[in-house]
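Asker: Guided by the hints, dock chain B onto chain A, whose structure is given.
Number of protein chains: 2
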Amino acid sequence: MTFVKRTELQMFDGRQIFYYDREPVERTAVDIRPFEPRPLPGDMRQDLLTGEWIAMAAHRQGRAFLPPKEFCPLCPTKSDFGTEIADSTFEVVVFENRSPSFSAPSDQLPPETIQASGRCEVVVFSDHHEGSFGSLEIAQMRTVLAAWIDRTREISKLPYVEQVFVFENRGEEVGVTLNHPHGQIYSYPFITPRTTKMFSVAQAHFDETGVPLITSVIEREFKDQVRIVAENEHWISYVPFAARYPYEIHTAPKKFVPDLAALSDEVADAFPSIAKEVLLRLDGVFGIPMAYIAAWHQAPVRTGRDVLGLHWQITSIRRAPGKLKYLAGSESAMGAFIMDVKPEQSAQQLRDVQL
Amino acid sequence: MTFVKRTELQMFDGRQIFYYDREPVERTAVDIRPFEPRPLPGDMRQDLLTGEWIAMAAHRQGRAFLPPKEFCPLCPTKSDFGTEIADSTFEVVVFENRSPSFSAPSDQLPPETIQASGRCEVVVFSDHHEGSFGSLEIAQMRTVLAAWIDRTREISKLPYVEQVFVFENRGEEVGVTLNHPHGQIYSYPFITPRTTKMFSVAQAHFDETGVPLITSVIEREFKDQVRIVAENEHWISYVPFAARYPYEIHTAPKKFVPDLAALSDEVADAFPSIAKEVLLRLDGVFGIPMAYIAAWHQAPVRTGRDVLGLHWQITSIRRAPGKLKYLAGSESAMGAFIMDVKPEQSAQQLRDVQL
Numbered sequence: 001m002t003f004v005k006r007t008e009l010q011m012f013d014g015r016q017i018f019y020y021d022r023e024p025v026e027r028t029a030v031d032i033r034p035f036e037p038r039p040l041p042g043d044m045r046q047d048l049l050t051g052e053w054i055a056m057a058a059h060r061q062g063r064a065f066l067p068p069k070e071f072c073p074l075c076p077t078k079s080d081f082g083t084e085i086a087d088s089t090f091e092v093v094v095f096e097n098r099s100p101s102f103s104a105p106s107d108q109l110p111p112e113t114i115q116a117s118g119r120c121e122v123v124v125f126s127d128h129h130e131g132s133f134g135s136l137e138i139a140q141m142r143t144v145l146a147a148w149i150d151r152t153r154e155i156s157k158l159p160y161v162e163q164v165f166v167f168e169n170r171g172e173e174v175g176v177t178l179n180h181p182h183g184q185i186y187s188y189p190f191i192t193p194r195t196t197k198m199f200s201v202a203q204a205h206f207d208e209t210g211v212p213l214i215t216s217v218i219e220r221e222f223k224d225q226v227r228i229v230a231e232n233e234h235w236i237s238y239v240p241f242a243a244r245y246p247y248e249i250h251t252a253p254k255k256f257v258p259d260l261a262a263l264s265d266e267v268a269d270a271f272p273s274i275a276k277e278v279l280l281r282l283d284g285v286f287g288i289p290m291a292y293i294a295a296w297h298q299a300p301v302r303t304g305r306d307v308l309g310l311h312w313q314i315t316s317i318r319r320a321p322g323k324l325k326y327l328a329g330s331e332s333a334m335g336a337f338i339m340d341v342k343p344e345q346s347a348q349q350l351r352d353v354q355l
Numbered sequence: 356m357t358f359v360k361r362t363e364l365q366m367f368d369g370r371q372i373f374y375y376d377r378e379p380v381e382r383t384a385v386d387i388r389p390f391e392p393r394p395l396p397g398d399m400r401q402d403l404l405t406g407e408w409i410a411m412a413a414h415r416q417g418r419a420f421l422p423p424k425e426f427c428p429l430c431p432t433k434s435d436f437g438t439e440i441a442d443s444t445f446e447v448v449v450f451e452n453r454s455p456s457f458s459a460p461s462d463q464l465p466p467e468t469i470q471a472s473g474r475c476e477v478v479v480f481s482d483h484h485e486g487s488f489g490s491l492e493i494a495q496m497r498t499v500l501a502a503w504i505d506r507t508r509e510i511s512k513l514p515y516v517e518q519v520f521v522f523e524n525r526g527e528e529v530g531v532t533l534n535h536p537h538g539q540i541y542s543y544p545f546i547t548p549r550t551t552k553m554f555s556v557a558q559a560h561f562d563e564t565g566v567p568l569i570t571s572v573i574e575r576e577f578k579d580q581v582r583i584v585a586e587n588e589h590w591i592s593y594v595p596f597a598a599r600y601p602y603e604i605h606t607a608p609k610k611f612v613p614d615l616a617a618l619s620d621e622v623a624d625a626f627p628s629i630a631k632e633v634l635l636r637l638d639g640v641f642g643i644p645m646a647y648i649a650a651w652h653q654a655p656v657r658t659g660r661d662v663l664g665l666h667w668q669i670t671s672i673r674r675a676p677g678k679l680k681y682l683a684g685s686e687s688a689m690g691a692f693i694m695d696v697k698p699e700q701s702a703q704q705l706r707d708v709q710l
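Those sequence lines, one after another, are chains A and B.
Letter by letter, the first sequence follows residues 1 to 355 in the numbering used here.
Letter by letter, the second sequence follows residues 356 to 710 in the numbering used here.
Wrong hints could be hidden among the right ones.
What follows is a list of derived Cβ distance ranges for each label pair [said to hold, decoys possible]:
hint	chain 1	residue 1	chain 2	residue 2	range
1	B	Ala413	A	Phe222	21 to 29 Å
2	A	Phe12	B	Thr658	56 to 64 Å
3	B	Gly677	A	Pro34	28 to 36 Å
4	A	Lys5	B	Pro676	23 to 31 Å
5	A	Val30	B	Thr564	30 to 38 Å
6	B	Glu563	A	Gly82	48 to 56 Å
It should be emphasised that the hints constitute simulated quantities derived from the structure, not laboratory data.
Cβ atoms here follow ideal geometry from the backbone N, Cα and C, with glycine treated the same way.
Looking at chain A on its own, in the form it has when it is part of the complex (with noise of 0.2 Å):
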């Protein structure tokens, strides 16, 4: 990274801390709190009727829920009370889930546990406890993207892992359990269920038309131009032709790449403003701040890397002031999606909000 600089620590029962800052702060802060041995690592099973991977991470249960503001975990360490960053202030942190649903394989496991390999990260957008990652400053929206871009290059290299999942939920109507800013990464031992459907479709797709798919799907919003919520020199954001969410948003780099780390500066640079644009337009729709997933599709480490191409997507499930769209019978058990907003419906509000 060239303006950025990562300054890497451990935390005090062994895990990964690293910071990252615009500026070559010196980060020293020990994590004095007392050492406990880390979770042994859980395990996977194979669903029978559908061949999918489930992770069974029953030591997460015990996981910090909704602590008052004094209690955050995510919060710089201002007094007694130690955090999960030891220093007093920070920019962007990110460090190893002290839950986590994949982790490091380990020889403790008996022999014929099927190990849930991969690792879990937390990303810290900000040391001040509100806000998202919208409500960011330009700059520092950048630095998370930073992280996120080396964050992604360096899993890349872990021999055990086939995916990195970087995403934001925001929302207790979505189930976070932390309200500070922050976004997580998950990073699989295998290919996910819906990369694994879009993977066949792009690889038919490519070798139909020798174009990845979602060159085409951008040039096609081009041409309807109806779905298109924002749009700069490198990045375009619509709705999907077959949204599934009443308000779902995916922003693309114009010219493909299959992940982050393989984003050059110049489009990294052009990414927070068209980002912060989106967000505050969603948050205008009905004046509330909206409960989102917000989902960094990227290829898998090792295949695809040629169609399957990087997009940002964001899905709200909430419909109306007051009425959230859940996924029940047909979607849950199916599946198969009921949308109750058109695309073209919802874009045009998107675009309407008065920034």
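Answerer: Relative to chain A, chain B alone:
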């Protein structure tokens, strides 16, 4: 059907309504609400990135949302307020959904529209406003099952239906908008994503072993014993080996059948008691009514009927009193499930409930 009488009548707007009665009651009540045209069918769009179909049902936004009891549209009509059911008492009633996600093809739509053809029905379990499927009398549960069987058989004859999905959502936590005990039937013009996946896994298993996959799964549950929750002569209930939800129970007939319509009277007669036991155990875990989705997996109408076996899947998102499992980033965006509770542990909890 041998012991249940079906009476077909028409609703005020031309929709069909079916009364199912154990006794040969005369049903003649007329729906006198003023005529109102029915909504045009919605359309479907194919998700370019996954190939899956999404139903666009914008007319559903205005549907009834948690009305107070005196305006419950699923209660019998007892006063000036005309409900969906014109009679003043009933046992079990099925009618066409007023805001259907899928409906009969129409020639009133533009020819380039891909119609969301199919059929959506509401199954009202009782004329009492309180309760749910598990709180019905055994005989009443049997009548509901008779209605499910009859509707599956009849809807399967529609040339534009590929799959019939019978389900119940219980609890506002899973998005229920009407509290009156009821379920729904969605009939799709395609095979759903979940069933497509299960079909391919089940076909591969059948090709290899000559045995339907569900039969092998049940054999394994009998061998392992530890995940079995309940059993009777014709049915077995178990927590699946790779459950996705904190409390998930599959109930299957011991002898393979493709769908509800293929159940013998003897096997059908044995279902209500095990269903009641399972639902009582589920409510007993935390001593509160559990929100759940109860989904009947059936073989599609025209394919997979030798390899895909009927089973009833209950999934509950409650992981502790006051805590729900949310489908956040990993589940929602990647389809990769993380489980907080070991299946053997939840099976033990369910068995330990004192009935």
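Asker: Tell me, which hint numbers fail for this structure?
Answerer: 4, 5
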